[in-house]
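Participant: Chains as they are written, first to last, in the numbering used here: chain A, 108 to 394; chain B, 108 to 394; chain C, 108 to 394; chain D, 108 to 394.
Just so you know, these hints were derived from the structure itself, not from any lab.
Check each hint, because a few of them may be wrong.
One copy or two, either will do: identical chains are not told apart, so a pair holds if it fits within one copy or between any two.
The list that follows gives simulated cross-link-like pairs (lysine to any residue, SDA-like), each with its CA atoms no further than 25 Å apart [to be verified]:
id	residue 1	residue 2
1	Lys116	Met336
2	Lys116	Trp313
3	Lys138	Ala239
4	Lys138	Phe290
5	Lys116	His332
6	Lys116	Ala264
7	Lys116	Asn333
8	Lys116	His204
9	Lys116	Pro193
10	Lys138	Trp313
11	Lys138	Ile229
12	Lys116	Arg263
13	Lys138	Glu171
14	Lys138	Ala236
15	Lys138	Pro237
16	Lys116	Leu184
17	Lys116	His196
Number of protein chains: 4
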Amino acid sequence: MFEGVRDYKTFVGHALPGSFFLIAGLWWAGKYSLWYTTLRNKSLGSTSTRLASRSTQRRLEVIEGSRIVTFCVPGMLAEQFVADGPRLHLYDYSEHHWDRLHNWQHSTMYLFFGLAGAMSLIVHTTDAAPLALDRLMLAIAFFIEGFLFLYHLHGRAMLDVHVHQLLLFCVFGEAMVSFLEVFHRGNILLELLRASLTILQGSWFWQIGFVLYSPSGAEWDQMDHNNMMFITMCYCWHLVFSLLVVMNMSVASTLIKFDPMSNAWIQEAGLLKRLLRRLTLILIHQW
Amino acid sequence: MFEGVRDYKTFVGHALPGSFFLIAGLWWAGKYSLWYTTLRNKSLGSTSTRLASRSTQRRLEVIEGSRIVTFCVPGMLAEQFVADGPRLHLYDYSEHHWDRLHNWQHSTMYLFFGLAGAMSLIVHTTDAAPLALDRLMLAIAFFIEGFLFLYHLHGRAMLDVHVHQLLLFCVFGEAMVSFLEVFHRGNILLELLRASLTILQGSWFWQIGFVLYSPSGAEWDQMDHNNMMFITMCYCWHLVFSLLVVMNMSVASTLIKFDPMSNAWIQEAGLLKRLLRRLTLILIHQW
Amino acid sequence: MFEGVRDYKTFVGHALPGSFFLIAGLWWAGKYSLWYTTLRNKSLGSTSTRLASRSTQRRLEVIEGSRIVTFCVPGMLAEQFVADGPRLHLYDYSEHHWDRLHNWQHSTMYLFFGLAGAMSLIVHTTDAAPLALDRLMLAIAFFIEGFLFLYHLHGRAMLDVHVHQLLLFCVFGEAMVSFLEVFHRGNILLELLRASLTILQGSWFWQIGFVLYSPSGAEWDQMDHNNMMFITMCYCWHLVFSLLVVMNMSVASTLIKFDPMSNAWIQEAGLLKRLLRRLTLILIHQW
Amino acid sequence: MFEGVRDYKTFVGHALPGSFFLIAGLWWAGKYSLWYTTLRNKSLGSTSTRLASRSTQRRLEVIEGSRIVTFCVPGMLAEQFVADGPRLHLYDYSEHHWDRLHNWQHSTMYLFFGLAGAMSLIVHTTDAAPLALDRLMLAIAFFIEGFLFLYHLHGRAMLDVHVHQLLLFCVFGEAMVSFLEVFHRGNILLELLRASLTILQGSWFWQIGFVLYSPSGAEWDQMDHNNMMFITMCYCWHLVFSLLVVMNMSVASTLIKFDPMSNAWIQEAGLLKRLLRRLTLILIHQW
Numbered sequence: 108m109f110e111g112v113r114d115y116k117t118f119v120g121h122a123l124p125g126s127f128f129l130i131a132g133l134w135w136a137g138k139y140s141l142w143y144t145t146l147r148n149k150s151l152g153s154t155s156t157r158l159a160s161r162s163t164q165r166r167l168e169v170i171e172g173s174r175i176v177t178f179c180v181p182g183m184l185a186e187q188f189v190a191d192g193p194r195l196h197l198y199d200y201s202e203h204h205w206d207r208l209h210n211w212q213h214s215t216m217y218l219f220f221g222l223a224g225a226m227s228l229i230v231h232t233t234d235a236a237p238l239a240l241d242r243l244m245l246a247i248a249f250f251i252e253g254f255l256f257l258y259h260l261h262g263r264a265m266l267d268v269h270v271h272q273l274l275l276f277c278v279f280g281e282a283m284v285s286f287l288e289v290f291h292r293g294n295i296l297l298e299l300l301r302a303s304l305t306i307l308q309g310s311w312f313w314q315i316g317f318v319l320y321s322p323s324g325a326e327w328d329q330m331d332h333n334n335m336m337f338i339t340m341c342y343c344w345h346l347v348f349s350l351l352v353v354m355n356m357s358v359a360s361t362l363i364k365f366d367p368m369s370n371a372w373i374q375e376a377g378l379l380k381r382l383l384r385r386l387t388l389i390l391i392h393q394w
Numbered sequence: 108m109f110e111g112v113r114d115y116k117t118f119v120g121h122a123l124p125g126s127f128f129l130i131a132g133l134w135w136a137g138k139y140s141l142w143y144t145t146l147r148n149k150s151l152g153s154t155s156t157r158l159a160s161r162s163t164q165r166r167l168e169v170i171e172g173s174r175i176v177t178f179c180v181p182g183m184l185a186e187q188f189v190a191d192g193p194r195l196h197l198y199d200y201s202e203h204h205w206d207r208l209h210n211w212q213h214s215t216m217y218l219f220f221g222l223a224g225a226m227s228l229i230v231h232t233t234d235a236a237p238l239a240l241d242r243l244m245l246a247i248a249f250f251i252e253g254f255l256f257l258y259h260l261h262g263r264a265m266l267d268v269h270v271h272q273l274l275l276f277c278v279f280g281e282a283m284v285s286f287l288e289v290f291h292r293g294n295i296l297l298e299l300l301r302a303s304l305t306i307l308q309g310s311w312f313w314q315i316g317f318v319l320y321s322p323s324g325a326e327w328d329q330m331d332h333n334n335m336m337f338i339t340m341c342y343c344w345h346l347v348f349s350l351l352v353v354m355n356m357s358v359a360s361t362l363i364k365f366d367p368m369s370n371a372w373i374q375e376a377g378l379l380k381r382l383l384r385r386l387t388l389i390l391i392h393q394w
Numbered sequence: 108m109f110e111g112v113r114d115y116k117t118f119v120g121h122a123l124p125g126s127f128f129l130i131a132g133l134w135w136a137g138k139y140s141l142w143y144t145t146l147r148n149k150s151l152g153s154t155s156t157r158l159a160s161r162s163t164q165r166r167l168e169v170i171e172g173s174r175i176v177t178f179c180v181p182g183m184l185a186e187q188f189v190a191d192g193p194r195l196h197l198y199d200y201s202e203h204h205w206d207r208l209h210n211w212q213h214s215t216m217y218l219f220f221g222l223a224g225a226m227s228l229i230v231h232t233t234d235a236a237p238l239a240l241d242r243l244m245l246a247i248a249f250f251i252e253g254f255l256f257l258y259h260l261h262g263r264a265m266l267d268v269h270v271h272q273l274l275l276f277c278v279f280g281e282a283m284v285s286f287l288e289v290f291h292r293g294n295i296l297l298e299l300l301r302a303s304l305t306i307l308q309g310s311w312f313w314q315i316g317f318v319l320y321s322p323s324g325a326e327w328d329q330m331d332h333n334n335m336m337f338i339t340m341c342y343c344w345h346l347v348f349s350l351l352v353v354m355n356m357s358v359a360s361t362l363i364k365f366d367p368m369s370n371a372w373i374q375e376a377g378l379l380k381r382l383l384r385r386l387t388l389i390l391i392h393q394w
Numbered sequence: 108m109f110e111g112v113r114d115y116k117t118f119v120g121h122a123l124p125g126s127f128f129l130i131a132g133l134w135w136a137g138k139y140s141l142w143y144t145t146l147r148n149k150s151l152g153s154t155s156t157r158l159a160s161r162s163t164q165r166r167l168e169v170i171e172g173s174r175i176v177t178f179c180v181p182g183m184l185a186e187q188f189v190a191d192g193p194r195l196h197l198y199d200y201s202e203h204h205w206d207r208l209h210n211w212q213h214s215t216m217y218l219f220f221g222l223a224g225a226m227s228l229i230v231h232t233t234d235a236a237p238l239a240l241d242r243l244m245l246a247i248a249f250f251i252e253g254f255l256f257l258y259h260l261h262g263r264a265m266l267d268v269h270v271h272q273l274l275l276f277c278v279f280g281e282a283m284v285s286f287l288e289v290f291h292r293g294n295i296l297l298e299l300l301r302a303s304l305t306i307l308q309g310s311w312f313w314q315i316g317f318v319l320y321s322p323s324g325a326e327w328d329q330m331d332h333n334n335m336m337f338i339t340m341c342y343c344w345h346l347v348f349s350l351l352v353v354m355n356m357s358v359a360s361t362l363i364k365f366d367p368m369s370n371a372w373i374q375e376a377g378l379l380k381r382l383l384r385r386l387t388l389i390l391i392h393q394w
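Isolated chain A (complex conformation) (with noise of 0.2 Å):
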C-alpha cells in the first residue's frame, strides 16, 4: 500500500503537525464561544459570578499554556533524537554539510510556539507582563513558521509548490489576526478568525500529506496546470469547512445555559474534563 518507509514517514510528518492545529483550532471555536455566551449572560448575574469566571478564565488559560509547553518541548527533542534525527549535531564535519537541516528547522518552529505558550504562561500567573503578550509571541510563532516554509521550497516540483505556498495564506493570516488582537484585544470576531484559519491549517496538512505522499499510493501528476485549479479550489473548500465548524461551535454554545451554581462547581470539580466533555457533545451534537 505504501510506496515506502520514506513516504510513509513524511505522510505521519504531515498528519501529525495536521492533527495538532486541528486541536488547537477546535479548542479555541469552543473556548472562545463559551466565554462570549458567559460573558452576555453575565449581564444578568452578580458581581460574584463575574468574579467567577474571570479567576476560570485564567485557569483555562494557564491550562492551555502548559499544554502548549508539554507539546512543544517533547516535540523538540523528537525531532533530536528520533532513530534519525540530528542528535544536536548541526554540521557533519567528516562530508561538510549541514546535518539534517529539516529537523533542525522542526525544532525551531516548536521553539517558538513552546516560547508563546510559555509567555502565555507567565502573563496569566503573575502581574509582571502586559496582557496582550500572548498574542503578540503567537504572531511571531506563527510569522516565523512562516517564514521558515517560505525559504522551504526552492527547487521542488510546481504543485508541491502550490500547495505549501496555499498553507502560506493561512499560516501569515493567523500572525496577521494574532498581531491585530495585541490592538483589539477581547474581539471575538478576530479570535473566531483566528480559530478558523487553524482549523484549516490543520485540514490543509492532512490534505497535503494525501496529495503529495498519499497513503494509497496514487500520484498527482506535478506539472498538470488543471490540479493546480483544483487544489486551490480545494483550498477554498477546507476554508468553507472550518468555518461552517466555528460557526456551528459557536451557535451550539449559546443553547449550553450557565448558571452561577455550576460555575463555581467548575473550578471545585475538575474544570478541564467537563469542558472538554461539553466540546465534545457540542461536537457530537453538530454531526
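Fit chains B, C and D to the known structure of chain A by using the hints.
Facilitator: Same frame as chain A, but now just chains B, C and D:
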C-alpha cells in the same frame, strides 16, 4: 454577428455577474445614502422615530440577506446542472482529468457569497452573533473571489491576463474595505467606497465581455502594448463613472424629506417597494 | 543647447507638474503649520476667536478647492487641444491605433485631481457630505496617478524605469497617508508628512526632467548600475530636503503671533493675499 | 588569519554598526522596561513622584537624542574623510564615474538617523512640535536604511543577497513598528518589539560579517542551497536570542524597587551613570 455559440455564452457569462454586481452596488449606494440622511434628520426627531428607523434598518438587512441567498443557491445549482455543467461530477475517470473546473470554481464563489448572505440573515434575525460578522463574511467572500481569479489566469494571452488583473484591484479593494468595516462599522465613507467598487466591478465585467468576446465579432490584438495602456486608462474611467453615480445618488438622497409619519407608514405598507421606487426615482432624476 | 524640440517639450512636461506639486506641498506645509500654531494659541483665546478661526479655516479650504479645480480643468483641456493633442479623438481609424494615449492619460490624472478639488469644495461649502470625503478623494486621486504610472513603463530603458519607480514610492505614500487621514483627521504629523511627500514628488519630477531630458544635452548611461545606485541615494536627499523645508516652515510658523484682532481683519481684507505673503516671508526668512 | 586588508575592513564595517544597534536595542529594552515598572509602581506614589519621574523621562530622552546626534555626525564625517573616503567628491570627472558610492550611501543613512536624533532633541526640549514626531522620524530613518539596502544588492552572489534580504525583514519591521507607535504611543509591547528587532539587527550584522568576510578566512559556498536554508534558520535563532534578552531585562527590571527618595537623588547625582550601572547589573544578573 457572433463568432460562435461558445463566444456568446462566455459574453453572457461575464455580463450576468456584471449586472448582479451593478445592482448590488446601486442598492448599497442607495441604502447607505438614505440611512445617512435619516441619521442626520433623526437628531430632530423623537425616540419613537429612532426605534422605528432601527427596526426598518433591520428589516432591510434581512431582505438584503435573503435576496443574496435566494440568488446564490440557484446560481450554484445552475452552474452544476446547465446543459454542459458537471452535474456534481468532479473527476472524469474515463479520461483521467478534472471535470469542468470553471463551473466548479463559479459554484465555489457563489457558495461563499451565499454564506455571507446567510450569515447576514442570522446576525440580523437573532442576537446570537456579533453584528460585525456580516462584514467579515463579506470580506472573506470577496477575498476568495479574488483568490480564485488569481490562480485562474495561467497561460492566457497578455491582454486577457491584464483585464482580469485589473478586476483583482477592485475585488481585493472590496475585501479590504469590508474588513476595515469590521472595526469601523457605520463609517459612511467606507460603505460608499464599497458601493463604488462594487459598481466598478460590475461595469468592468461588462467591459471584459466586450473586449474579449465582443458580440460584434471585433477582435482586439492581445499582444499590442497600446491596447494594454488604453485598457488601464479605461479602468480609471469606469472608476470615475462609479464614483459619480454613488455621489449623485448620495446627494439626491439628501433632497428627500423624511418625516416620522411616512417612516411609520413604510413599516406598514410594503417597505421594499417604496424604497425601490425611491431609488428608481433618484436614478431617473440623475439622467 | 537642447537636443531637439521634442526633448525640450518633455522636459517642460516634467517641470510643469513638478512645480505644481512643489507649490501644493509648500502651501499644505504652511497651512497646516499655521493651523497647528493657532490651535495651540487658541486655548488662551475666547470662544469668538475660536469661531472666527473655524470660519477662516473653512474659507481657506474653499479657496484651496476652487484653485485645484480652476487649475485642473484648463490642464485637461490643454492636454487635449495643444498643437499635437488628440482633440478628443480617441482612436485613429485610418491607421488603426489608439491616438496619443499619453495625453489621454494625463487628462485622466487631471480629472481625478479635479474631482478631489470639487469634492473638497462640496464638503466645505455644504453640510451634505461627511468631512473626511475630501481626504478619501485625494487618496483615490494619488492612487490613480500611481496606478497609471505603474503600467506606463513597459519596454523602457533601465534607468528610465527606475526613476519612475522611485516616483511611485512617494505617490503611493501620499495615497496611503491621505487614506489614513480619513480615520485620523487633524493629525498634524500625517498632514505634514503628506506635505513633505508632495514636495518630494515635485522636486523629483524636476530631477527626472534633468536626468532623462537634460536641457544641457548631457545623456546618462541608462544601463550603468552605478547610475541606478546614485539615483536611489539622490532620491533620499530629495526627501531630506523636503523634510527640512517642512520642518523649517513649521518651526517658523510658531514664531508668528496670532491675535484675535488680526484674525478678524483677515476675514475682511483679502485673506489669501496676507497668508501668501506670510508664507513668502517664512520662506524668505529661512533662506 | 585575515585574507587581506580589504576583507578585514569589510568585517569591521559590519561589526561596527552591529555593535551600535546592539547597544541601542539593549538601551531601549532597559529604558522602556524601567519606565513600565515605574509606571506600575507610581500608582502607589504621590503627585510629586509622578512629576519627578516625568522630568526624568524627558532628561533621558534628551540624553538619548544628543547621544544619537553626537554619534551620527562623526559617523558621517568619518565615512567621508577616512583614508579612502570620497572627501565630499561625488563624481570622478577624470574617469567619468561616481566616486565611492558606498561611502556616500552610508553617510546618507547616518544623516537620517542623525535627523531622527535631532528631532527627538527638539521634541523633548521645546513644546513646539508634537511628541509623536520622534517616532515618525525614526520610522523614516529605518525605512530609508532598508530602502538603500534594497537597491544595494544588484549582481551579488546568492548567499550574499540572501543574508542582506533577511536583514531587510527586521529593518522594515522596525520602520513599521515605529510608524505604529505614532498612533499607539506608550504601548510597551511595541516599544519592546522595537528593542528586540534592533538587537536582532545588531547581532545579524555581526553574523553577516562572519559569513561573508570571516576573520578566520573560512569561505561559505555562495551557491549551496543548504547554506541558504541554514542561514534562514539561523536568523530565527537570532530572533529567539533577542526576544529572550529583552524579556529577561524586562522581568529583571520589575525586581528593582523604585522609591521617591532615590528618584529625587537620581536627578541630582548623575542620572545617566546610575542607570547605565543598573542596566549593567541587570545584564550581569542575567548571565
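Participant: Could you place Lys116 and Asn333 in one of the four classes (within, between, both, neither) given a Cα distance threshold of 25 Å?
Facilitator: between (28 Å within a copy, 22 Å between copies)
Participant: Within a copy, between copies, both or neither: which one fits Lys116 and Met336 at a CA-CA cutoff of 25 Å?
Facilitator: Between copies only: 22 Å across, 27 Å inside.
Participant: For Lys138 and Ala236, with the copy left unspecified, which applies at a CA distance of at most 25 Å: within, between, both, or neither?
Facilitator: both (23 Å within a copy, 15 Å between copies)
Participant: Pop the pair Lys138 and Ile229 into one bin, within, between, both or neither, using alpha-carbon distances up to 25 Å.
Facilitator: Intra 20 Å, inter 21 Å, cutoff 25 Å: intra and inter.
Participant: One pair to classify: Lys138 and Phe290, alpha carbons no more than 25 Å apart. Within, between, both, or neither?
Facilitator: both (20 Å within a copy, 22 Å between copies)
Participant: Could you place Lys116 and Trp313 in one of the four classes (within, between, both, neither) given a Cα distance threshold of 25 Å?
Facilitator: Classified as within: same-chain Cα gap 13 Å, cross-chain 38 Å, threshold 25 Å.
Participant: Cα distance capped at 25 Å. Does Lys138 pair with Glu171 within a copy, between copies, both, or neither?
Facilitator: within (10 Å within a copy, 32 Å between copies)
Participant: With identical chains treated as interchangeable, where does the CA-CA distance between Lys138 and Pro237 reach 25 Å or less: within a copy, between copies, both, or neither?
Facilitator: both (21 Å within a copy, 16 Å between copies)
Participant: Are the CA atoms of Lys116 and Ala264 at most 25 Å apart within a copy, between copies, both, or neither?
Facilitator: Answer is within: at 20 Å inside a copy they meet the 25 Å cutoff, but 36 Å across does not.
Participant: Could you place Lys138 and Trp313 in one of the four classes (within, between, both, neither) given a Cα distance threshold of 25 Å?
Facilitator: Within one copy only: 24 Å inside a chain, 44 Å across chains, cut-off 25 Å.
Participant: As a check of your reading, is Lys116 near Pro193 (CA-CA no more than 25 Å) within one copy, between copies, both or neither?
Facilitator: So Lys116 and Pro193 pass the 25 Å test inside one copy only (16 Å; across, 37 Å).
Participant: Please sort Lys116 with Leu184 into within, between, both or neither, judging by C-alpha distance up to 25 Å.
Facilitator: within (17 Å within a copy, 41 Å between copies)
Going down the numbered hints, you'll see the structure goes against none, and every one checks out.
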